[in-house]
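Q: Since the structure of chain S is provided, determine the placement of chain D with the ligands on it from the hints.
Top to bottom, those sequences are chains S and D. Mind the numbering: the first sequence is residues 24 to 298 in our numbering, read in order. Mind the numbering: the second sequence is residues 24 to 298 in our numbering, read in order.
Check each hint, because a few of them may be wrong.
For chains that are exact copies, the list does not tell them apart, and a pair is met inside one copy or across any two.
The list that follows gives simulated cross-link-like pairs (lysine-lysine, DSS-like), each with its CA atoms no further than 27 Å apart [said to hold, decoys possible]:
(1) Lys-238 <-> Lys-145
(2) Lys-274 <-> Lys-286
(3) Lys-145 <-> Lys-241
(4) Lys-174 <-> Lys-238
(5) Lys-241 <-> Lys-134
(6) Lys-134 <-> Lys-174
(7) Lys-145 <-> Lys-134
(8) Lys-274 <-> Lys-238
(9) Lys-254 <-> Lys-286
(10) Lys-174 <-> Lys-254
(11) Lys-174 <-> Lys-286
(12) Lys-274 <-> Lys-241
No wet-lab data here; the hints were simulated from the structure. Small disclaimer: the values here were computed from a predicted structure and weren't measured.
Number of protein chains: 2
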Amino acid sequence: MLSAIFGFSLNPTFTRYLQIQLLPSSFDAQGSANAAQRLTCFVIDDRVTVDAGSLGIALSEAQRRTIRDVVVTHPHMDHIASLPIFVDDLFGELRQPVRIHATSEVIELLKADVFNDTVYPKFDELRNEHGPVMEYVPFQMGQEFQVAHLKLTAIAVNHIVPTVGLLVSDGKATVAFSSDTAETEELWHVVNHARHLNALFIEASFPDAMEALAKASKHLTPSMLRTELNKLNHNGMDILAVHLKPAYREKVIQELNELGIEKLRVMEPGRIYEW
Amino acid sequence: MLSAIFGFSLNPTFTRYLQIQLLPSSFDAQGSANAAQRLTCFVIDDRVTVDAGSLGIALSEAQRRTIRDVVVTHPHMDHIASLPIFVDDLFGELRQPVRIHATSEVIELLKADVFNDTVYPKFDELRNEHGPVMEYVPFQMGQEFQVAHLKLTAIAVNHIVPTVGLLVSDGKATVAFSSDTAETEELWHVVNHARHLNALFIEASFPDAMEALAKASKHLTPSMLRTELNKLNHNGMDILAVHLKPAYREKVIQELNELGIEKLRVMEPGRIYEW
Ligand SMILES: [Zn+2]
Ligand SMILES: [Zn+2]
Ligand SMILES: [Zn+2]
Ligand SMILES: [Zn+2]
Chain S
24 MLSAIFGFSL NPTFTRYLQI QLLPSSFDAQ GSANAAQRLT CFVIDDRVTV DAGSLGIALS
84 EAQRRTIRDV VVTHPHMDHI ASLPIFVDDL FGELRQPVRI HATSEVIELL KADVFNDTVY
144 PKFDELRNEH GPVMEYVPFQ MGQEFQVAHL KLTAIAVNHI VPTVGLLVSD GKATVAFSSD
204 TAETEELWHV VNHARHLNAL FIEASFPDAM EALAKASKHL TPSMLRTELN KLNHNGMDIL
264 AVHLKPAYRE KVIQELNELG IEKLRVMEPG RIYEW
Chain D
24 MLSAIFGFSL NPTFTRYLQI QLLPSSFDAQ GSANAAQRLT CFVIDDRVTV DAGSLGIALS
84 EAQRRTIRDV VVTHPHMDHI ASLPIFVDDL FGELRQPVRI HATSEVIELL KADVFNDTVY
144 PKFDELRNEH GPVMEYVPFQ MGQEFQVAHL KLTAIAVNHI VPTVGLLVSD GKATVAFSSD
204 TAETEELWHV VNHARHLNAL FIEASFPDAM EALAKASKHL TPSMLRTELN KLNHNGMDIL
264 AVHLKPAYRE KVIQELNELG IEKLRVMEPG RIYEW
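For reference, chain S alone in the conformation it holds in the complex:
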């Protein structure tokens, strides 16, 4: 794993590695990004994002020009909060629509609750002088689909609303995202069928003492994460823990460290990771 400095990013044309950045989503009292993760948005190769929590508020101007594909794993606010702002910012200048990739079920929820003319305009029905500004692109569970230069496979995971985990490959490196989930099976079967796995982004929301709440809200604790990793046949991949609830962050980090898994780290917002 190589990692670039905060905010540094190669032009996508010259990228030799698969680059993944968790956007910052929380300000400290001095107005700087802090390590707490309150929204979820992973930027891949400055072209595609997985989820859109901080998409509209934390991109560089260069990223804002090159990202036109957004994969939404599920409609929880922390994963979509600034998606409407992202499209709004670009409304006048878009020469191709922003494409929202999701299951049909999640697309219907976004239409009903977000782009519904109450919470924000129905951008899928609006055009600028160049054409439509946003379109929904449904994908099928378990069937590989292409987004920009990436191949993705989506698998239902175990969360309180319809949610997918993702296997993502650029043809050389392959990574997996758990999204929000409690214990799950099918995602790991699909990941185990991949030839290799460079990195796994897995949630660790609550400390072990809150396992009851984790199970009720369908999230993982460090102990539950440990059990999930036992279902994986791959070895040696980087494991990036994400989605730590800010109120319990220190405790979760301590418990993750106590697992003693060598390549397990808490992902740092803003930092670019490469494989």
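A: Chain D with the ligands only, in chain S's frame:
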């Protein structure tokens, strides 16, 4: 108008001035707050907020402990995006519910589209060990109501969804918020009946050349803002322009400056203003 430095704030107990801060809502490529406003949340005296766009992601830890009242002017995403995150962060420790003050109409929209178990849990139905974690508190248009130490009056303004402007007083200083609106009348009648006015927070979303879009989406341009100010009988108050669309920010600032109104400024996110 006195103004404190970024992030500095007196303990509310010792506050002698009405303090208002527009929370930052946008990161630059180095992970620092920039001047662009992509979400709306005004913090008053570290106890009450008007709107909740960046409420969940930009408070100091001290503010997170003292703010329990949120006034929602309308349900557009840029005004509510991180409200669910704010409540979620505090879920385990709340000893009184977070109170969401809004018209019944807006409360119904928040129930239907936000706290609906799809976008986020129905927090108004959930409790921690101390009691309920969130409650809706409806207010009546045109009737003064109390929120913490403040007296407020809400008036319907002219936006594409049900929206209120607000007159707010701590008994000494009085300020008004236009919220999102195109040309409007009733709000200014009510403001004109106030004994004095220390500050007006008024939107200026689009440049003059985009007046057609401003009117279609029910926002103001600098020229339209000028016409609104002519409806006001008060003189000498500070006028803080807010809600500038980031894509047109420089042009709107130039046109606001060209209005030649002495006490008109663009409000700076993070800065504390006092009256
Ligand atoms: Zn979720
Ligand atoms: Zn989540
Ligand atoms: Zn609005
Ligand atoms: Zn707005």
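Q: Could you run down the list of hints and mark each one as holding or not?
A: Hint by hint, here is what the structure shows:
| no. | hint | in the structure |
| --- | --- | --- |
| 1 | Lys-238 <-> Lys-145 | between (35 Å within a copy, 18 Å between copies) |
| 2 | Lys-274 <-> Lys-286 | within (19 Å within a copy, 49 Å between copies) |
| 3 | Lys-145 <-> Lys-241 | between (30 Å within a copy, 16 Å between copies) |
| 4 | Lys-174 <-> Lys-238 | neither (31 Å within a copy, 43 Å between copies) |
| 5 | Lys-241 <-> Lys-134 | both (24 Å within a copy, 22 Å between copies) |
| 6 | Lys-134 <-> Lys-174 | within (26 Å within a copy, 37 Å between copies) |
| 7 | Lys-145 <-> Lys-134 | both (8 Å within a copy, 19 Å between copies) |
| 8 | Lys-274 <-> Lys-238 | within (18 Å within a copy, 51 Å between copies) |
| 9 | Lys-254 <-> Lys-286 | within (17 Å within a copy, 65 Å between copies) |
| 10 | Lys-174 <-> Lys-254 | within (23 Å within a copy, 58 Å between copies) |
| 11 | Lys-174 <-> Lys-286 | within (25 Å within a copy, 55 Å between copies) |
| 12 | Lys-274 <-> Lys-241 | within (19 Å within a copy, 47 Å between copies) |
Violated hints amount to a single one, hint 4; each of the other numbered hints is respected by the structure.
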